[in-house]
Structures are given as structure tokens and as C-alpha cells.
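Going down the list, the sequences are from chains A and B.
Throughout, this note's numbering is defined as the position within the first sequence, counted from one, plus 3.
Throughout, this note's numbering is defined as the position within the second sequence, counted from one, plus 3.
Treat the hints with care, as some may be off.
These stretches of chain B come out as covered by chain A in the derived footprint (C-beta under 8 Å, 3 or more residues) [to be verified]:
1. 103-113
2. 164-170
3. 191-202
4. 232-245
5. 338-350
Simulated from the structure, these hints should not be mistaken for laboratory data.
The beta-carbon is built from N, C-alpha and C at its ideal position, and this holds for glycine as well.
Here are the chains, one letter per residue:
Number of protein chains: 2
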Amino acid sequence: MNALETTPEATRHTPRVLVRGTGLLGASIGLGLSARGHRVTLSDPSAVAQAIAADIGAGAPKSAQDPDPEIVVVAAPPEATAGEVASALTAFPGAIVLDVASVKDEILLELHATADDPGHALRRDDLVRYVGTHPMAGREQSGPVAARGELFTAMPWVICPAAEQGVRIPTEAAVAWAEEIARRLGATVHFMAPKDHDESVALISHLPQIAASLVASRLQEAPASALELAGNGLRDVTRIAASDPNLWVQILSSNAAPITDILHGLRDDVDRLIRTLESPRAPGGQADIAQLISEGNAGRARVPGKHGGPPQSFSRLIVIVDDRPGQIAAVLNDVAQVGVNVEDMRMDHSAGHQVGMVELSVLPGRREELAEAMTEFGWKVVQS
Amino acid sequence: MNALETTPEATRHTPRVLVRGTGLLGASIGLGLSARGHRVTLSDPSAVAQAIAADIGAGAPKSAQDPDPEIVVVAAPPEATAGEVASALTAFPGAIVLDVASVKDEILLELHATADDPGHALRRDDLVRYVGTHPMAGREQSGPVAARGELFTAMPWVICPAAEQGVRIPTEAAVAWAEEIARRLGATVHFMAPKDHDESVALISHLPQIAASLVASRLQEAPASALELAGNGLRDVTRIAASDPNLWVQILSSNAAPITDILHGLRDDVDRLIRTLESPRAPGGQADIAQLISEGNAGRARVPGKHGGPPQSFSRLIVIVDDRPGQIAAVLNDVAQVGVNVEDMRMDHSAGHQVGMVELSVLPGRREELAEAMTEFGWKVVQS
Chain A
4 MNALETTPEA TRHTPRVLVR GTGLLGASIG LGLSARGHRV TLSDPSAVAQ AIAADIGAGA
64 PKSAQDPDPE IVVVAAPPEA TAGEVASALT AFPGAIVLDV ASVKDEILLE LHATADDPGH
124 ALRRDDLVRY VGTHPMAGRE QSGPVAARGE LFTAMPWVIC PAAEQGVRIP TEAAVAWAEE
184 IARRLGATVH FMAPKDHDES VALISHLPQI AASLVASRLQ EAPASALELA GNGLRDVTRI
244 AASDPNLWVQ ILSSNAAPIT DILHGLRDDV DRLIRTLESP RAPGGQADIA QLISEGNAGR
304 ARVPGKHGGP PQSFSRLIVI VDDRPGQIAA VLNDVAQVGV NVEDMRMDHS AGHQVGMVEL
364 SVLPGRREEL AEAMTEFGWK VVQS
Chain B
4 MNALETTPEA TRHTPRVLVR GTGLLGASIG LGLSARGHRV TLSDPSAVAQ AIAADIGAGA
64 PKSAQDPDPE IVVVAAPPEA TAGEVASALT AFPGAIVLDV ASVKDEILLE LHATADDPGH
124 ALRRDDLVRY VGTHPMAGRE QSGPVAARGE LFTAMPWVIC PAAEQGVRIP TEAAVAWAEE
184 IARRLGATVH FMAPKDHDES VALISHLPQI AASLVASRLQ EAPASALELA GNGLRDVTRI
244 AASDPNLWVQ ILSSNAAPIT DILHGLRDDV DRLIRTLESP RAPGGQADIA QLISEGNAGR
304 ARVPGKHGGP PQSFSRLIVI VDDRPGQIAA VLNDVAQVGV NVEDMRMDHS AGHQVGMVEL
364 SVLPGRREEL AEAMTEFGWK VVQS
């Protein structure tokens, strides 16, 4: 069977998949597809990365005797992606080729330039077998050691078919197989034009990364006494500042234009705030500050909550616990007895005390009932 | 007894406390001190706020028949604080006066100016009874309805005695009582000079607030399809953007100078990043981006972890659960049976799937054991 010709609806076929690049994403895809019955082969310029991925069960190292893959997943660093896609399209003329890089439009431009270059074997016609995709499942660790087949469970996976004058370039079957692979790995599929994708991730992924890094970098020279006062606000805002510089150099420079647009707006806001704070009692100054915070309120209110629904207002309730094994379990046990679903929870703790606060988010209608029942169970309950 | 003359070590005395201002902080202080045996009276310019605070048990409304308080806690909005402190110092010439505003130096300057004004009853000598403090226990909600006596449990409470030429202005007893009140409310006491405090909170509290608001405000006009892709990175960075504009106008404008210094540095970084991204393939461009992210790594590594210790590297392990009552409890129950302490946990979930991932942080030495035991219990376990 040639995967190109049949959409997955027509078959229960598990195509042979070659995963090119066995870092975190590639090895996780290999693990997930192997577990779901696909015959997966692996290749990576690093023999060590390839061996680790094979060892953990992501697939078999590709050998010359293997039949050609029906689907190739290119999981290379962003800068190497277009080259790898072009080489896969020419090496396997019957295969559908997907990539999983986190920026889409620049890769497409590079592929078109390559196809138009008479010195390269790639032709425009080959691009009907290419579908750009972006599984939004990162981790703070990287490499095949961190891989896991469930990495994509319940995570968004964006499929970005290229189009020319409103007509999709990839075949229907190629797009359908890209979608099928994402679904088989447990992801939630979103469709988006490549440019729209890049603008979206600039805003919801690249901007927060930059902001976290900017804030965290100011902490380098801070006195230890200041950092001792740090609370959850600082911890939350800077958590993703722990990310990998090499990866982010490639992501940010591959999506430079949409990010630059956003940063111009950000800089204007910073400039206005600096001017206001240079004479904070001047007329209109306080209104300027209030506007910034209010606009932040409005933007924050648009960030979806759990399960992608509208940001739901859960009611919160805090239970004070000792910091020893079993306490949180005991709390949640009792919550389960009451029959209330915990929509979200976080632990809250701070310097110097061996007690913790478990904050439980529940549907507003259930809070009173839960607070009363938990108090009866003997817990120290505080309502938010 | 006159509270001014005796340090708390010498007595098991529970001084009479007047709380002036019954918003979130004032009402919480009233609740906590009443529960610990203090006779607390309350006053607030808003009769409603005062009545609510009294109703929930924060203390009794102040009446003319009450004996003078031994300690006055001013819990007014930042801009009203200096005026309230001055009036308390003159109205109760035997009392120690504390405030709990989140910025300290500007209040002190205003108090000194008032004391030097011959038209005002306040004298320089009165200032030996004043101690500026800052309990770092905010909430996203405000007002006495949100108050709770445990608000300060395990939270930092900064005590900022003023000094002139290296000599503290407040008496030893005044400082000791400020510390005692904070400790009786369960807080962890830190001592800091007022200016150092203001520079510290500019960095660890005001800068993250500004960054969260700046990022969130850019989301106002974003297409819904972009926001559907939002993950925990965006949610974490923007969480505190939900804060109260009125409060933050006062905080930011009362601490304008240290914040402006930091924002100049931030703007320089943004400018450099914009220049780099305008020609991302220019020589040195990628190195500039890598430097920003690396500096963020370094700063983030300095943010203390749980219990104020150095940021400890816990090992993480993820358990996949159905989204229904009792699942998290069941997970933690089994964890407790294994006898491993959960150092931190978070729930991870995303659009479209009714499953959750419970991420457990445990000491690195316990992870393998826990993962094996949980798998045996039948859980789907994924190691981070």
C-alpha cells in the first residue's frame, strides 16, 4: 500500500514510520507509535541519541534492508527541519512526510526555495506529500532519555497544511494521515494556516518565554535576602525561564517577524510605564497605571481554563496540612468521600515552616458543602 | 502596662490591639489576634467593611468607652497609611503603631515631613513608637469577606525599622512587639532596612506583576483559535495579571524609583532583542538570544524552592488519571502507602480531553521506588 493514496478512514492500516531525529519529540513519537502497533524505524545524526531511543523501545535503527517507510516524521531541530524534509521527500518518493518543528512558515519558504532550485532534486510536485505540524508538548528536559509515549496525551497538535491561492498544497490523504498520527498519539488536533500558527505561538508561547527570561535575568544580581521573600507570583512567572537556550535561539530566530511585532507593542507599554513612574503624581499618571493592570485583567480573563473551556471561576478552599507523607492523600480521600470533584489543586508553601496549604478548586456550587464536611472530618479549612 | 516599655520576652501579655482599616489584611490580623487571646477593636472609614469584619469575628467595633489600645495596626491603603499612622501616634501617646503597607520608604518620608511641620501635632519623638512592616501575604480577592486568620501562616513578614546614621529610630520594645505580633500570626519574620525592602519587592513582587500584566494585556485582541493552544506556560506567566488595579496603582506609584530602575534594564533587554530579531541571521544575533535565555536560566536557578531552601531538584513522576471524583485521592493514597512524601504537585490538563495528569515531585532518591510501586498498584505512570 502506498500511504499517499488512501485516507486513514478507509483502512485500519498501521503504516511503516521512519522517525528522523530521536530527541525528546522524535523518541516520544517512536515510543507512542510502536506501542500502537506501527513498525517504527529511527535515524539520528547522533549515534548515541539513536541508540538510546532504540533501547527505550522507540523503534529499530534504520537499516539499508528496511522497506521504504510510508510515513516519515522529521523531528529535527527547527533550523535543520526544511533540509531533512526535502531529503526525505526525495529519498522516499512514495512517503508522506511530516515535521514537528514549533515554527511553520519559515520552513515552508525554505522548502519552496529548494524546490525552485534546479540544482536540487526536490520538485514542487513533491510538496503535495509534505504536511507541517506542531505538537505543543514540550518539557523542561530534552533528549531521548526524557521521552515518553504519552507526551502528547490531551495536548494540542496543530496541523498546518500549506495553501496557494486558497487551495491546499498537500493531498487530502497526506493531511488525513497527519491528523491520524496525531490522534493515535492521543493529541487534540487543531487546523491552522502556517502564518496564523506562527502568529499564535508568538503570542501564547514565545512571548511568555521571553517575559519569563527577562524577569528571571534581572534576578541574577539580586541579594539573597530579596530572593528569600519570593512567593508563588515570582515562582509562576519565572518557571519556564529554566528552558533550553539552544532550542529557544532557533525557535525565536525562526519566528522573528511575528515576535518583533509583539515586542514593539510591549516596548511601547514599558516606555509609557517608565514615563508615568518618573513622575507618578502627575495628572493622568495613575490612570495610565490602572489601565495597564486593567488591560492585563482583560487579557488574563481570555486564557482558557481546564479542558480548553472558557476560564471557569472555580471556588477555592484551602486545607492546612502538616508536611509529612500521606497528608495530602488523607485530604483528598476525605474530599472523595464527600463526592466532590477537584477541578484543580496547588500546594502553597513558603520559607521557614514545615506546613503546607493545599488549595482545592471546585465548582462554586459545591464549596460550602465541602468546607463543612471537611471541617467535620477535623481538617483546618480556610475558604478563599 | 504600657506596651512601649516592655519587650514581649518579659511577659505573656496579650496587648489590646486596635486595627485601623478592615480590608483583607486588617480583618485577617483581627481574626488571627482575636483567636490568640488579644482584645481587638476595629475601625474603618467604611461602616460596611467595619461591620463585616466585626461579624466574622475580627474584633469589636471601636467605641469611645474603650481603654486606649496598647498596639495600633494601621492596615490602610498605601496612600492613606502615613496619615493614619501619624493620627494614631498622636491620638494614643502610649501605643506602639505598626503599619502593613507593601511599600515602606515613602511612608517614612511622609511621616518625617509631617513631624517637621509645626502645624501638625506629630513630633519627631513620637516616631520611636512607629515600626513599618510588610506581611507578604496577598490574595487575588480583597476585602474583609476574603479575610482569614491563617492568611499569614508560613508567609514572610518583613519588619523594617527606620534608622538614622545607623541607629534605629524605634525603641527596642516597639521592634520586639512588631516581631511578636508577626510571630503570633504564624509568619516568618525577616528584618530589612526600608529602602532595601522597597528595592527587594520591586524586583520579586512588582516586576513579576508588571510582566504578567504586560503579557496578558497583549492577549486582549488575540484570536480565540490562538488562545485555544494556550498551555501551562502562558497560564503560569499570566496568573497574577488578575490582580486589583486600584491596589496596584498605589503600590507601583509609591515605589516608583526602584521600579523605574529595573524597568530601564528590562527595556534595554527588550530593545536588544528587537534589534536582534530584526535581522536574526546577522553575526552575533543568535549569541544575543542565547545570552538572554541563559541569563534567565541563571536567575531562575536562584528562586528559592519549598520552605525557602535552595531551589531543590525534585524528581517528577506523572500519573494519568480520569477526570472524576476520587482519582487524585486514590493516587495519593497509594503514594502514602509507599511512604513517600509529595514535595509538590500540580495538575496538568489541556483542551479536549477528560483526563488529567498529576505531576508529583519527590526527592530524587525515592522516584524509582515510587514509580515501580505505583505501576504495581495499576496506575499509568510516566517518569519525567
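Right, here's what the structure says about each hint:
For the stretch 103-113 of chain B, the stated coverage by chain A is not satisfied: 0 residues place a CB nearer than 8 Å to a CB of that chain, which falls below the threshold of 3. For the stretch 164-170 of chain B, the stated coverage by chain A is violated: 0 residues have a C-beta nearer than 8 Å to a C-beta of that chain, whereas at least 3 were required. Only residues whose beta carbon comes within less than 8 Å of a beta carbon in chain A count, and the stretch 191-202 of chain B has 5; three or more means the coverage holds. Residue count for the stretch 232-245 of chain B with a Cβ under 8 Å from a Cβ of chain A: 13. That meets the three needed, and the coverage hint holds.
Here's how the stretch 338-350 of chain B fares: 10 of its residues keep a CB closer than 8 Å to some CB of chain A, so the rule of at least three is met and the hint holds.
Violated hints for the displayed structure, listed by number in ascending order: 1 and 2.
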